[in-house]
Each structure stands twice: as structure tokens, then as C-alpha cells.
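**Q** Spelled out from the first residue to the last, the chains are:
Protein chains: 2
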Amino acid sequence: MRLVVIGGVAAGTKAASRAKRVAPELEVVVYQAEPEVSISECGLPYHVSEVIPDRERLVARTPEKFAENDIEAKVRHRVEAVDPEGRRLTVKNLDSGETFEDTYDRLIVATGSKSVKLPVPGADLEGVFTLKFLTDADAMKAYIKKRSPERAVVVGGGYIGLEMAENLHHLGMEVQVVEAGEHLAPTYGETVADRVRGHLEGQGVRVHVCAAADEVSCVPGEAEDCTGRVESVRFGDTELPADFVLVGIGVRPEVRLAESFGVKLGETGAIEVDENMRTNVADVWAAGDCVETTNRVSGKPMWLALGDVANKMGRVAGTNAATGQPTLAFPGVLGTGIFKVFDLGVGATGLSEGEARDAGFDPVSVTIEARDRAGYYPGARPVLLEMVADGKTGRVLGVEAVGSGVDKLTDVAATAIWARLTCDDLVNADLAYAPPFGPTNSPVIQAATVLSGKVRSS
Amino acid sequence: MRLVVIGGVAAGTKAASRAKRVAPELEVVVYQAEPEVSISECGLPYHVSEVIPDRERLVARTPEKFAENDIEAKVRHRVEAVDPEGRRLTVKNLDSGETFEDTYDRLIVATGSKSVKLPVPGADLEGVFTLKFLTDADAMKAYIKKRSPERAVVVGGGYIGLEMAENLHHLGMEVQVVEAGEHLAPTYGETVADRVRGHLEGQGVRVHVCAAADEVSCVPGEAEDCTGRVESVRFGDTELPADFVLVGIGVRPEVRLAESFGVKLGETGAIEVDENMRTNVADVWAAGDCVETTNRVSGKPMWLALGDVANKMGRVAGTNAATGQPTLAFPGVLGTGIFKVFDLGVGATGLSEGEARDAGFDPVSVTIEARDRAGYYPGARPVLLEMVADGKTGRVLGVEAVGSGVDKLTDVAATAIWARLTCDDLVNADLAYAPPFGPTNSPVIQAATVLSGKVRSS
Chain A
1 MRLVVIGGVA AGTKAASRAK RVAPELEVVV YQAEPEVSIS ECGLPYHVSE
51 VIPDRERLVA RTPEKFAEND IEAKVRHRVE AVDPEGRRLT VKNLDSGETF
101 EDTYDRLIVA TGSKSVKLPV PGADLEGVFT LKFLTDADAM KAYIKKRSPE
151 RAVVVGGGYI GLEMAENLHH LGMEVQVVEA GEHLAPTYGE TVADRVRGHL
201 EGQGVRVHVC AAADEVSCVP GEAEDCTGRV ESVRFGDTEL PADFVLVGIG
251 VRPEVRLAES FGVKLGETGA IEVDENMRTN VADVWAAGDC VETTNRVSGK
301 PMWLALGDVA NKMGRVAGTN AATGQPTLAF PGVLGTGIFK VFDLGVGATG
351 LSEGEARDAG FDPVSVTIEA RDRAGYYPGA RPVLLEMVAD GKTGRVLGVE
401 AVGSGVDKLT DVAATAIWAR LTCDDLVNAD LAYAPPFGPT NSPVIQAATV
451 LSGKVRSS
Chain B
1001 MRLVVIGGVA AGTKAASRAK RVAPELEVVV YQAEPEVSIS ECGLPYHVSE
1051 VIPDRERLVA RTPEKFAEND IEAKVRHRVE AVDPEGRRLT VKNLDSGETF
1101 EDTYDRLIVA TGSKSVKLPV PGADLEGVFT LKFLTDADAM KAYIKKRSPE
1151 RAVVVGGGYI GLEMAENLHH LGMEVQVVEA GEHLAPTYGE TVADRVRGHL
1201 EGQGVRVHVC AAADEVSCVP GEAEDCTGRV ESVRFGDTEL PADFVLVGIG
1251 VRPEVRLAES FGVKLGETGA IEVDENMRTN VADVWAAGDC VETTNRVSGK
1301 PMWLALGDVA NKMGRVAGTN AATGQPTLAF PGVLGTGIFK VFDLGVGATG
1351 LSEGEARDAG FDPVSVTIEA RDRAGYYPGA RPVLLEMVAD GKTGRVLGVE
1401 AVGSGVDKLT DVAATAIWAR LTCDDLVNAD LAYAPPFGPT NSPVIQAATV
1451 LSGKVRSS
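So the protein lines, in turn, are chains A and B.
Each residue of the first sequence is one higher than the last, beginning at 1 in my numbering.
Each residue of the second sequence is one higher than the last, beginning at 1001 in my numbering.
In case anyone wonders, no lab produced these hints; they're calculated from the structure.
Glycine included, each C-beta is placed from N, C-alpha and C at the ideal position.
Check before you lean on any hint, since a few could be wrong.
What the hints assert, rightly or not - Under 10 Å between C-beta atoms, here's a sample of chain A residues computed to sit facing chain B:
(1) H47
(2) I52
(3) R57
(4) L257
(5) M313
(6) G335
(7) F339
(8) A348
(9) V406
(10) L409
(11) L426
(12) N428
(13) L431
(14) Y433
(15) V444
(16) I445
Unchecked claim - Pair by pair, the computed Cβ-Cβ distance ranges are:
(17) B:K1454 <-> A:E369: 36 to 44 Å
(18) A:D343 <-> B:K1454: 38 to 46 Å
(19) A:G375 <-> B:K1141: 16 to 24 Å
(20) A:T393 <-> B:K1392: 39 to 47 Å
(21) B:K1141 <-> A:E369: 30 to 38 Å
Excised from the complex, chain A in its bound form (with noise of 0.2 Å):
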């Protein structure tokens, strides 16, 4: 029984190696069109500025470490074609251009996702990068070496956007962030998003807001294409200076090989699996960015490209291709995030107001100003939190959290969302306190009980 895995990130190699373990008789096989498999690909911000500086720590494990578990892991091999009747692929050697034949009798698609270009004139020059690979990091470590670039242009202000504000700030870059939308942190609301303008604003970033990119210019006299250097990017009437653009305007499910064989796609233009990972076609499973799942508090279907979720969809899809079965049950999501930028955390878990309203809910919310420890204790630091809940039932829908111990915050409401507790479910609930970890009350407590009290009189 041979299983092929195409795709060697976090999906694809989790659901390799656990297929393994579940069937140790099972050929494993991996097919992966990047130079490397298991790539911490979270990482790689932090790479670029040297942050994290062994290029070496972002790839968990190598081919090798997977052939000591007998699992086959093919490196610059990409999957060209599958023929789901005859169990059949076409690999293509992207070093030696080679392409053959292999089969398989269990197939995983993991083929994760891709950055979306900038679709304006100039967004191939030298100097405009996206960041989604190794590879895409090598780049631009490579660029930055060569050209030491002192303006960088951040074009989109959701979370990769931000977060490289702050790695090529690190790198002592000026750095302006440049954002379509009306705010930063599209998928958070107004009053997260102020505290993160305000906080790369003291950090010296610049931020423009309602500034969709027009345009991004070359070095006058050097070739129009990928071989001209970048010089500034447009806005409207505004010329932003830049040798150095990131763009971080979003992700899109890399769904063109499973689209090419049959598998349908949902709504949300990723691949639709039932709860099992399995798709349409039979014997092929799909996980991680390339699938999209359920929304556990809207239970609409979601796409959303996380490590975390497409490691847990991993070991489902794994579980499920090797014993053939509908052993595991991956139970969907509730689109819960975070991240940093320089000392601020921000997060989120479930719905926003807005989200709530159009699932149906009635939402109610209230919004906490709190500290993270101890009011009277040293380094207490600011963190904020909003929370919905439905006003009818009070089953608490979503937080979001911006400053300091929000990763706290979010894991603590997400758990409550996860097991459909109530505002009032939590207005006592034992949560740990001491002076240094937070103040006596959690804020997630603090919202639950403010809650509590709109939806009794709603």
C-alpha cells in the first residue's frame, strides 16, 4: 500500500509521518517543489532580520531525518498531474527537468498556498518581495546583503505585512506600511487596530490607511521588468521612496493540481473535505492551506492558513489515509490568530461583532481596559479586550485582545468558545491568580461579567 503525500509542510509532513506511525507497513512518500520539507515558514519574519539567524532552526526536519522513519521525502520534485482512475501521478524533477510516472493507492493533497502578487504595473522589479517560502526569505536576505536598502515599502497591513514592518524596522530600514483598507488588521475592528497604528507609530513606522498601491516604480533608465531595481511605490497622488517592497496583501489555497483532477472546491475557492479530510475523489484526502473547514461558531465554511490548524488537519488527514477509515474527525475552527508586532500582542478567537450579526446571532459586547498583572505590581503593561456574546443566550462568540498577555487572553476564550460556555458559565469560572500574572478578576472574566448583565436585561 503506497501513500503520496504532495506537499512537505506542515500538513504534508505531519500527515506523513503519523500516517507512519498508524501503518508502519505503509510506503510513505512525499513530494515537495520547494528545496526544503518541514519549514517553519511562521519563522521566517524573524529570519529575514536575523532575529532568528540559523536558517537551519526554520526547517524542523530534513529529508534525511525523514528516511531514518522510512518515509521517502522529495525535495524540488513537483506534482504535474494526477489521473485519479488509473491511481497515477506525473512528478517532474524540478532539478534534473526530469518527469516520470508514480502511483499511489492513498493520495494526500497538501499543497498549501501562495502569496498574492500585487496586481499593479511594476510588481516584478528587483526589490519587491513576497513572503511565503525559504526560499522567498533567501531572496530577500540575499537582496538586503547586496543592495542595503534603507526604504522599505510594506504594502498591506495584515499580520505578514506587520510583522515584517517591524523585522525590516529591526534591520534599521525607515519603514511605511501602506494599507487599502480603512484600517490596519483588517480582520480585527477599529479599536484594535488604532492601538496598532499607535504602536508603530511610536515606533517610528509610518502608516497610511485608505492607500490601495497604484503603482511601483524602477530606477529611472533601468529595464521596466523583474531585472529593474524598485524605487518607490504610488498611492494616488503620494510617491512613497522605497528600495525594499514587501507585499503582504493576503493568501490564496494553491488548489490548481487537485482543481486539474476533479476535486471540488468550496465556497470559499479552497478544497472542500468532509470531516474526515477525505474529498470528492476517491482515495484522496486534502489538509492544511489548500482545504478550507467549518467555522464552529458560524458554522459557515472557512479558509484560513494557519500552522497550527493545517499541522492538527495533518494528523487527521494522516490518521484517516492510513487506516482507510473515518478514524479521526477534524472539528473545524474558530479562526483564532495572533501576532506580534515589536511589543504588542494582538488576538483574536471566534467572531467579531459584525461576523456574529451575520450568522444569525444577536450579539452584545462589551470592551475591557485592564493590565496584565497586578495593578500595583512592577511592569504592569496595558492590554485590552473586546468581547461578543449573543444576547439571547449569552454564549460568549468572540474576543479580540491588543497589548500585553493577549495570547493569554485569546487561549482562554478560545477554550470557552471551543466548549460553547456562556458569559455567565464564566463569571466565576477558578482561573489562575497571583499579583504578577494578572489582576484578581481576568479581563475575560471582567467581559463575561459585564455580559452577563446586558444579556439578562436584553
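The hints should help you fit chain B onto chain A, whose structure is shown.
**A** Then chain B, alone, in the frame of chain A:
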């Protein structure tokens, strides 16, 4: 309608404030024997060391502040007797020495807890302290100023003892800890306790276990009562020189007054209340350290003296005393606790494996070694997490954690246990991941995943 609250720390002041908010027409008076109300007792160890230099910061609200909300907070007033039939109280003004009568319609007993005195000769010598009240901290600080002690012995390795060990060390004293039991942090398991000991020793604090203090001796020639100065602490044949002794061998509920007028105690020795914080005596509620509650995992009575629990109980008692109805219920606790000793956090929630067995579960457990950030992210520090689950149902029963980031892990586990989640429920829980905040899968998820396999196979 007159509500009298006996005791003005966490539970008493919360109950008073809450009652006044719920029923603004209520006359509310708080009697407090100590010179201040609303003391943040958990901050006291850090005040002794001047880590929190301002005494005022530890007084959350003064009687004047309470007066602004039309609550009469009378300090240095001790309630000496209660006549529950006549709804009368005898109160002693500790400044004037005068005794007077007062009346109540509803009464809340929030008399708190008291430190256990060391039951050996010399326990009253000058320089031997317990730490419970702000006045205890005042006395220590005065002694430290006058005597400049250099060698401290901390008797008792629980959280007060360990927090004080850190703070006395911070003052430059040479510190030794003497614990009667087999390991430090007696409410924790041995693995966690070993880490704590290693960390203390790494800071230069000497630790003696199985070392019950037998005698405290005074400077030769000085009176062997509270006017003589401490010179050493002896256990067995070992004599430790000491010019400062902190006794942290536990607290007990302060129930003398309650018992004297017929309030029933529970099996833990603290006041028994129903879920509405009502005692067996008509129109008398009780809250805080003087009452017992229910452990929601074991279902058994539990007594614990913690500020956050007292605060929550006070809210329930205050509301119900104001309405005269069972308006709110206090649902019990998990026994969640946390403390910091130097750079190490130590937290727990729910049941240990032994407690789980005693409570009729069939526990399985796992220990996870992880880090507080992605392994490749700079500054990642270790954390150890032990999780206990029921082998039959998979229900998560308890967690202990030691290291960095334990507050988050303890709170996530506490929320999960509060919601009665199983290991299976947690395996795919959508917690927040980014490299600066933790490993790809939270140690809570890692532990749940391992236990999930054990449950299936058990």
C-alpha cells in the same frame, strides 16, 4: 434595611459594594478589625522587599472612598458577639477601647483566615513573623529597618514561604527554607517540586526538606518571650542561624465569631454555606476565606483561601444579601492556584493524580516538556506540564505546570476543566499560535493528545 458586613478585605468589601449597587437604598456598614480595608494581601510579600514600595498601592480603597458610595467602612472595629435572634452585634472600637451595640437586618460574615503559628518554643520571639495582614508587613519592615537582618530562615515551603524567600533574598538576606514535608510546594507533585527546588538553589537559597522546625532560640541573655531577639531555628540536630524568621506553615479559616453564634461549620473546619453563600443561620451569609466551597471536579468540600475566589464569593453573597433572594449562585472551584518564585511560575488546577484516585476516578497522566515560544524563537524558555485525565471517560481532571508561561497553560486547562472537556475535545482545540507565543501545538494540546491515546487503549 441594614446590612452589616464583618470583615473588610476581599470578600467583605466586594460584598458590601455589590450589595449597595444591587440595592442602593440599603444601609451598608463594614466592620474591620485591622486599620485598613480593601488590602491587596497577595501583594504583601512584594511590599516587604520594596518591590512594591508604596504602601498606599496595596490599599485598593480607603474608608473615605467607600463613604463616597454611601458605605460605612469602620476600621479598627472588631465585632465581638452576634445575637442572631435579636439581630444585634457587639462591636469594640479598638482605638477607644469602647464597646457598643449595633443592629442588622442582614449579615455577611467575611472574617477571613489567620496564619497558623509555629507550635514550638520561641515562636513569639522578636524577628519571627507570619504574613497575613498589612500590619504584619509593617512590622517586618520596621524590624528590617531597625535590625538589618542578614540571615533569614523561612519555615514552610508553600507559596507564601517561597514568595517570601524570593523577596527576602531580594533584600540581600541569605535565605534558607525549612519544609517539614518531603518536598517544597506540598500541594504540588514531586516533579514540579523538584523544579522549584532546583530553581531556588540556583538562586542561592538553601532548601531543607523533611525538616520540621523544633525550636526557635533567642539571642543569649535576652528574654525568651516576644521581647528577645531570634538567633536560630533548630530542626533535629541542625541549628540554622537566623536573625529573621518567616513562618509560612499555612492558614486556617477565622471562624471563632461565627461558631459562637451558631453558624455551622463544614468538614473542612470552615463555614458551611449553600450555593447562594447562605449559612444555616437566618439572614446570615458568609464569603471568602472563612467559608468552604465545593471542588467541582471531586465534588467534595474544599477550603482554600485565595483573593480571587473571595472576591467572586463576595459578589454572590453581597447580591443575595441585598435581594434577600438566591439571586446568584457560586458554582464552586477547581482549586486553581499560581505563584511565582524568582523567574519560575508554578500553577495548578483541578486534581492531582492521587486526588483523582481518591475521588473515584481512574486517572491516567502525562508529563510534557515544552517551551514558551517556538523552539527556534529567541528567548524560548522551558515549561513542564503534567495533565491528569480520567482513563474511562477522557475527562480532563487536573494540570500542574512549572516554568515559563504557566499562567496561560493553567488558565487554558482551568477553562477546559471548568467546561468538563475531555482530552479528545482538546486535541484539535483552536488555540492561538505564532512563534513568539508558544510551540505550534500548545502543551495543553500536546498533553491531551497523548492522554487521548491512553484513554482509548485503557
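**Q** Are R57 of chain A and chain B close enough, Cβ to Cβ, to be under 10 Å, as the hint says?
**A** holds (4 Å)
**Q** Does H47 of chain A pass the interface check with chain B, least Cβ-Cβ distance below 10 Å?
**A** holds (9 Å)
**Q** Should the interface hint for L426 of chain A be scored as holding, given a Cβ-Cβ cut-off of 10 Å against chain B?
**A** holds (8 Å)
**Q** Taking the least C-beta to C-beta distance, is I52 of chain A closer than 10 Å to chain B?
**A** holds (5 Å)
**Q** Minimum Cβ distance from L431 of chain A to chain B below 10 Å?
**A** At 5 Å from the nearest chain B Cβ, L431 of chain A passes the 10 Å test, so the hint holds.
**Q** The hint says 39 to 47 Å between T393 of chain A and K1392 of chain B; measuring C-beta to C-beta, is that right?
**A** At 31 Å between Cβs, range violated.
**Q** May I ask you to test the hint 16 to 24 Å on the CB atoms belonging to G375 of chain A and K1141 of chain B?
**A** Taking Cβ atoms as reference, G375 of chain A and K1141 of chain B lie about 21 Å apart, which means the hint holds.
**Q** Should the interface hint for N428 of chain A be scored as holding, given a Cβ-Cβ cut-off of 10 Å against chain B?
**A** holds (5 Å)
**Q** Closer than 10 Å between Cβ atoms is the bar; does I445 of chain A clear it against chain B? Give me holds or violated.
**A** Because about 8 Å separates I445 of chain A from the closest Cβ in chain B, which is inside the 10 Å limit, the hint holds.
**Q** Min Cβ distance, L409 of chain A to chain B: is it shorter than 10 Å?
**A** For L409 of chain A, the interface hint holds, since the closest Cβ of chain B sits about 9 Å away, which is under 10 Å.
**Q** Given V444 of chain A was flagged as interface, is its beta-carbon under 10 Å from a beta-carbon of chain B?
**A** For V444 of chain A, the interface hint holds, since the closest Cβ of chain B sits about 8 Å away, which is under 10 Å.
**Q** Given G335 of chain A as an interface hint, is its Cβ closer than 10 Å to any Cβ of chain B?
**A** Holds: closest Cβ of chain B sits about 7 Å from G335 of chain A, inside 10 Å.
When held up to the earlier numbered hints, the structure conflicts with 4, 20 and fits the remainder.
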